[in-house]
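K.L.:
The residues making up each chain are set out below.
Number of protein chains: 4
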Amino acid sequence: MEKWDGNEGTSAFHMPEWMQIQFADQKQEFNKRPTKIGRRSLSRSISQSSTDSYSSAASYTDSSDDETSPRDKQQKNSKGSSDFCVKNIKQAEFGRREIEIAEQEMPALMALRKRAQGEKPLAGAKIVGCTHITAQTAVLMETLGALGAQCRWAACNIYSTLNEVAAALAESGFPVFAWKGESEDDFWWCIDRCVNVEGWQPNMILDDGGDLTHWIYKKYPNMFKKIKGIVEESVTGVHRLYQLSKAGKLCVPAMNVNDSVTKQKFDNLYCCRESILDGLKRTTDMMFGGKQVVVCGYGEVGKGCCAALKAMGSIVYVTEIDPICALQACMDGFRLVKLNEVIRQVDIVITCTGNKNVVTREHLDRMKNSCIVCNMGHSNTEIDVASLRTPELTWERVRSQVDHVIWPDGKRIVLLAEGRLLNLSCSTVPTFVLSITATTQALALIELYNAPEGRYKQDVYLLPKKMDEYVASLHLPTFDAHLTELTDEQAKYLGLNKNGPFKPNYYRY
Amino acid sequence: MEKWDGNEGTSAFHMPEWMQIQFADQKQEFNKRPTKIGRRSLSRSISQSSTDSYSSAASYTDSSDDETSPRDKQQKNSKGSSDFCVKNIKQAEFGRREIEIAEQEMPALMALRKRAQGEKPLAGAKIVGCTHITAQTAVLMETLGALGAQCRWAACNIYSTLNEVAAALAESGFPVFAWKGESEDDFWWCIDRCVNVEGWQPNMILDDGGDLTHWIYKKYPNMFKKIKGIVEESVTGVHRLYQLSKAGKLCVPAMNVNDSVTKQKFDNLYCCRESILDGLKRTTDMMFGGKQVVVCGYGEVGKGCCAALKAMGSIVYVTEIDPICALQACMDGFRLVKLNEVIRQVDIVITCTGNKNVVTREHLDRMKNSCIVCNMGHSNTEIDVASLRTPELTWERVRSQVDHVIWPDGKRIVLLAEGRLLNLSCSTVPTFVLSITATTQALALIELYNAPEGRYKQDVYLLPKKMDEYVASLHLPTFDAHLTELTDEQAKYLGLNKNGPFKPNYYRY
Amino acid sequence: MEKWDGNEGTSAFHMPEWMQIQFADQKQEFNKRPTKIGRRSLSRSISQSSTDSYSSAASYTDSSDDETSPRDKQQKNSKGSSDFCVKNIKQAEFGRREIEIAEQEMPALMALRKRAQGEKPLAGAKIVGCTHITAQTAVLMETLGALGAQCRWAACNIYSTLNEVAAALAESGFPVFAWKGESEDDFWWCIDRCVNVEGWQPNMILDDGGDLTHWIYKKYPNMFKKIKGIVEESVTGVHRLYQLSKAGKLCVPAMNVNDSVTKQKFDNLYCCRESILDGLKRTTDMMFGGKQVVVCGYGEVGKGCCAALKAMGSIVYVTEIDPICALQACMDGFRLVKLNEVIRQVDIVITCTGNKNVVTREHLDRMKNSCIVCNMGHSNTEIDVASLRTPELTWERVRSQVDHVIWPDGKRIVLLAEGRLLNLSCSTVPTFVLSITATTQALALIELYNAPEGRYKQDVYLLPKKMDEYVASLHLPTFDAHLTELTDEQAKYLGLNKNGPFKPNYYRY
Amino acid sequence: MEKWDGNEGTSAFHMPEWMQIQFADQKQEFNKRPTKIGRRSLSRSISQSSTDSYSSAASYTDSSDDETSPRDKQQKNSKGSSDFCVKNIKQAEFGRREIEIAEQEMPALMALRKRAQGEKPLAGAKIVGCTHITAQTAVLMETLGALGAQCRWAACNIYSTLNEVAAALAESGFPVFAWKGESEDDFWWCIDRCVNVEGWQPNMILDDGGDLTHWIYKKYPNMFKKIKGIVEESVTGVHRLYQLSKAGKLCVPAMNVNDSVTKQKFDNLYCCRESILDGLKRTTDMMFGGKQVVVCGYGEVGKGCCAALKAMGSIVYVTEIDPICALQACMDGFRLVKLNEVIRQVDIVITCTGNKNVVTREHLDRMKNSCIVCNMGHSNTEIDVASLRTPELTWERVRSQVDHVIWPDGKRIVLLAEGRLLNLSCSTVPTFVLSITATTQALALIELYNAPEGRYKQDVYLLPKKMDEYVASLHLPTFDAHLTELTDEQAKYLGLNKNGPFKPNYYRY
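Going down the list, the protein sequences come from chains A, B, C and D. Just so we're on the same page, my numbering is the position in the first sequence counted from 1, plus 744. Just so we're on the same page, my numbering is the position in the second sequence counted from 1, plus 744. Just so we're on the same page, my numbering is the position in the third sequence counted from 1, plus 744. Just so we're on the same page, my numbering is the position in the fourth sequence counted from 1, plus 744.
Hints in this document: simulated from the structure, not taken from any laboratory. Bear in mind that the values here come from a model prediction, so they are computed numbers and not experimental data. Incorrect hints may appear among the rest.
As the list makes no split between identical chains, a pair holds if one copy fits it or if it spans any two.
[Stated by the list, open to error] When the alpha-carbon atoms are kept at most 25 Å apart in a straight line, the in silico DSS-like pairs for lysine-lysine are as follows:
| # | residue 1 | residue 2 |
| --- | --- | --- |
| 1 | Lys963 | Lys1201 |
| 2 | Lys990 | Lys1236 |
| 3 | Lys972 | Lys1082 |
| 4 | Lys1236 | Lys1082 |
| 5 | Lys864 | Lys970 |
| 6 | Lys1082 | Lys1054 |
| 7 | Lys990 | Lys963 |
| 8 | Lys1054 | Lys962 |
| 9 | Lys1155 | Lys1210 |
| 10 | Lys1082 | Lys1112 |
| 11 | Lys972 | Lys817 |
| 12 | Lys858 | Lys1155 |
| 13 | Lys1242 | Lys969 |
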């Protein structure tokens, strides 16, 4: 009814530089990679999100007394299978308990399992996955299994695997290839072990970062003939898919689960509202009340940070480039300034722009003593950390993830996580958020696997709004929340189906 | 790049019932209307928004000692012109002061005027307008004049004209045909006087409610040959245009300024956040602290109401039909309930759904004594007020806009504005919000008038995002807000033009 | 129980200048007053609070078609009594409805009435009262009657009497002497008619402002022999009592109900949190979002104003003289500034200090165009309004209670209520707050009337904490609030009586 | 100046049971203690607060490779002194850096040092101290030194000493006797080494918990002849002093710094507002948004917890026994309930009452699965943890400070810190709060040491309000806060000294 494409062709849709560069890099890298996996820059193997390691308050037994590489070990689970490679299969019991605890906080997946007692929407599905291996992922995998799928899994990050959970999955029969502290060679070896199997060929891909997808593209392109679709979760992986699509090289439908409303609002607004406080407290033990803070960027992340800090009694300034977001900041009660106007007076600088060099050396030079600098935005580009690696400045690591950078006159800047994402490095991600993501992934797999011929072409799709709404509805019981149903008369009046979708696609929430 | 049309064809885009019905009505009405304007149901002449009269705290001299119809008067302004029809040209001075006061709060239009000293983007434009005639509209009209346009104007509402302002406009040379308290016949007569002029034919239409557009459609269809475009501001008028477009009958480009981001967020979220408090206080003098409130609907309006009441110490419950909005309500700290769960205990019921019969007689029967019921949503359909017109209930008008409905057992319900929009009936709209709308209208006129051949077809368009951003930027100085500019390097990194637009069209803000 | 003056002797208790001056004035005035009440400056007759008239949204029939003075009328109620003097006894029915509506919002007094069915704690009490005559006062008076007391009543303010309510009280048998628009001579005549009665002598005084008390002191000092106590509600009246006590002239016990916790928190923090928004909206229709505001003073009133404006999206600065309150402002998220630092940039200036000349002509000269200036603090001393009465400034009354003061260069300052209390002049006081005060007054009367010989001496007392707690508990049902009771074991552990008092006297709440 | 016990005699001041019992215990214990310190129950040696260990995010080298008791070591600092006993004098450098970092966040003490360049208000003072030995304490001690005092110091808690800081103090010449992990025998030995010195006798005591004071009382009562006063910081210690005073056994003046306004508001309201979030996140990684929480008690601590959780999107219920606090909770927007009404539905239970057995086994039995239970109140009495030590319940330690208590049906309750104080056990105390306490202690020492004969008697005093205000003013520069000064005219009008105190003693803030 309404044309939203009036602005197409404007520069907002031009491919940003960093995507172009990355694309160039990728092609180069993939081309030069020999069949036998050799030396490859670590920076490539680790997709954007995978260099940010999740911290966890859980104390796992990581005593690396056992120095043998898992690849050199002979392990069998209690049923006699050895189709897996984990650190230590004996840690399965501890991992199982973690999974059970996670199950309690992922009611939506458990509800899907319950429904699966009658129908098996993934019967026949052969899913190869490459994600963080955590208790939450385990709940997802076991749910996929309950829905009828066979799964093989590798880690999307060389640091983030919880060995105990991997062991528990292996023990219960999942072919898992992952451990904490893989080398780059291990990383690709594990992925290869997932897909390069005698007598088993995947027909679905669940990826987080795009490494698995790319591996198959480069090594086993024929495999795509049987693959019904890709579900991708990360910003980076989604961008890669759009590039492939644009280049006409995407040969199966792909589902972008990163941009679903529910995930966006939860990961960005609601989750950052909490993690900014958590990250600052865990690293600095500072008091928020009365502190002057400048937040660069008033998108969803910035909105979350500002709301939380204001609520805790901080005085918050905002910088923005977009006049609409700027006007929102004004109406929400924040002074809109240029960074230079307040840089001398603030106690904390937080970047949430997705941009690069938002905080420059010049800004850093002008900050007052003890100013805290951290990044909640995208990647590690926002603060020009490289500019601080000069001889006249002294770096002092005072705690894990906390550096004091000391100027010749004694001034100290407190730099958190070396400019990487504070929320990933210094706080934890609540299971509830992970539950939303995992449920979205499961539904996307079901949708792609069951879609009638022709519904999805070789393109990148968003989850249908109705499924987005379904994900949301599965999480309402957590809050003992009771949804109202439309009467027939009301549905007719509004021109809506009683079961949704309830909003047009352009609705802003 | 991204396909957002994945859901097209779903019921969310089916034409809702009330639009269909209205459309049918219209055709019927327009067909049966004779050349000489005769009796016609008032309900037609008054588009949806125009039955809700704006209240204003300003005390204008409305002493209707003068009973002569303006149409029967012979009036001339000081320059000798009589090409206008207002209540009393002698009130011009008082009206001028009101306009001057409004100018102080509409800096964006004043900035456009300043720019117009160099260029006249509306030179040659002949604009016929039909809007509320208020001091703010006068600032808009005089700005259009400064930008080079000739204007003729009628009122879109028979009650809302400020006679003094109309007089001031007439005095300064604007052909204005409007007064407070027009009959329906007057209403159409005024519109006709704007368009049916010897030697002057409009080439642009600025409409609020669609009445002017329809008049030209029915009476002077040939006029559209010279018309470059329509700018429409109201929900109702916009729906009419989409219907025309769908029916293939829209013969010029039209700009929907109702759905621009800035207007939506200000009119709905930010403005309602304030007007819910204002409307309740002015009518009931109640204390918000500790009161239990249920807000039906958690769209932008509901979000604004909930935020304000929570901030003032009320305990707020929310009802929703959409699971995504419902989950937002949960995360924002509101208990999501069905209306029946709390109807016996709440002190206030507020509807913000856009739906009909959300509060039924059954609900009203169960409310506790002194419960306040009001509507902040759409039109007057949300509360089933008709169901209260039964013999066993007594109505007592206790104040302007406040009725006590009394049950046989003595229970009283406090019904505000008879279920019409509280924010329009019982509070005022800040000039700042009107400024945003007026600036958007001016820019839409400039865009349509200057667009190269072929940019806009016979369809309904949203204001280009860049203009939306421009409207926002013109309002930032009000807040002494300082926007940051991208460096060349940053713009390249983000793939953006330094001057915007800064976001893709689907961005949710 | 606690002696308010226990801390006297510290410098904080030195008698402030304005009290001293007032005291001097009083003596002078009382001395020069002849037996026959003659001309007397109005400013004296009206105690501090009584020059601030309450506004009310209720539309009473004030058509002064009837110009006859009530003192010259012969009126009888339906029972034949003529022991009253009101504007028009025929308005009783309308007034009765107002009283019934008020009863619904004063559940605490209604609860006292219910208890009074068994016991009559005020049996034999003869109360003479001098307060605002409103529906809420009527509920108090009829409650005192239900508790066994006989009452005679006058108004404490020449403007604030609601004639219909006075009529309703007279009709139901209360000797009421009050009407809206009394002359000063009327004012004292009415008071005299309350106390100077054949065969009836008061034994309790309920005063608001101290005028009644002083009248008896000066005219009928012997009456105090039978009087068991005075209950005083206003700041001014309380100060007068402390002065009398200090001077050794207080000859009966007096209860200061102004400084009870519940009243203080409600009247100041909670009520001002709402009335600042209400007062600003009703007078200026301004939008709060994004506005820069400076609040002078961070006591309870300032805290309420700041919290409300911050919640509505204003950017709030605070000035303070007291470092402890200043530190609270910091921790609550407000920039602490000197007025001069922000005076050029703010959109609104609000005074809440209790001090004088906080906003001087120099400040006013530096404010920006359209800056709004208002007072929420004490009396009308905070803004130096007198300094604006100079020839070069033009005053323009744009609405009721709103003046534009215009500088020679065209700059306008928006002055509200001529610097008098915004909350009294431009917003209404919720019934709930009045209920707390009225209940406190009733309990104070009961306590003083029933106290055993010797519990209270000729001094000024605060209500015992236990009664304060009782007032609070009587208001909890309004919120459907359920109090927890201590177990015997817990009470013993805490060393508390299960029925309270629950806190030491110094507890800060 | 003000006598804390001025209100004694009201029931609120009856000595609570737990104080009586404790008092009895003490006497018993002290009596039975032989001259040679032998076995004594640990529970005695550790005053209430000292069993709650502070957690710290700082990673100190606690590798206990060195098993030798410090008492058996021969250590000398670089100046050759051996008048100290710490873990390892070689750790001094690391400790010095920690002290320097703390100095940056304790500007008030640094300001005192600067003033001390001219005057030495503690010249001649010989202070014996017994507090936590942290970097912040070190800043206090070195400030006392700069002000002219000689100090000897022991730890008030056997776990809380930071060995590196103790080493740094010893290195710079302070006789410090403390290490982390003292035995009870060590604890008293250290205290004894502080006071039992040849040729040095203390004339001031700074105590935290009362252990030092009691040691001197019992072992060296004659020492009090030279002692000018005691400054005590803890709730427990203060109660002990009031008991001594009541029993007529207090032989020197004592200053209660625990109940100063600034400390109370910071430690309770502002600090708990932050630490409740911090403590819950660090232990459970839970998401606050949408969670249902019940907070037992709405004193300062409860107010802080409620405000923070509400701001983060939790739905908060409150229980109270005091109707005044209950009414505050209502007005602040919280449903006031009895615990039983919501116990089945809440996700978190937080106790802040100071009472005992607020959460009973019966409540615990009714909680839903995964409910989190924690204590922010007083001591460890509020949750009846003992009732969970029954055979049918399984305890599982899932993280440090986090236990799952598992019911036979599989239901798990998440118990934090075994019911001890969450804020001390699971979050950190910001330096800023410690700075306020330390400054208050320093000023109290100065006041007692310099007070003219007769100003203080053998009683317990609160810090004079003027000093409280001074502490606050010393912390304002941290926030770049600018205090307004009264003009002479204003001071006269208010009856105040321009330098304060600005409020009467009963002011509630």
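K.L.:
Provide an ascending list of the numbers of those earlier hints which the structure does not satisfy.
P.N.:
When the structure is compared with the hints, numbers 3, 8, 9, 11, 13 turn out to be violated.
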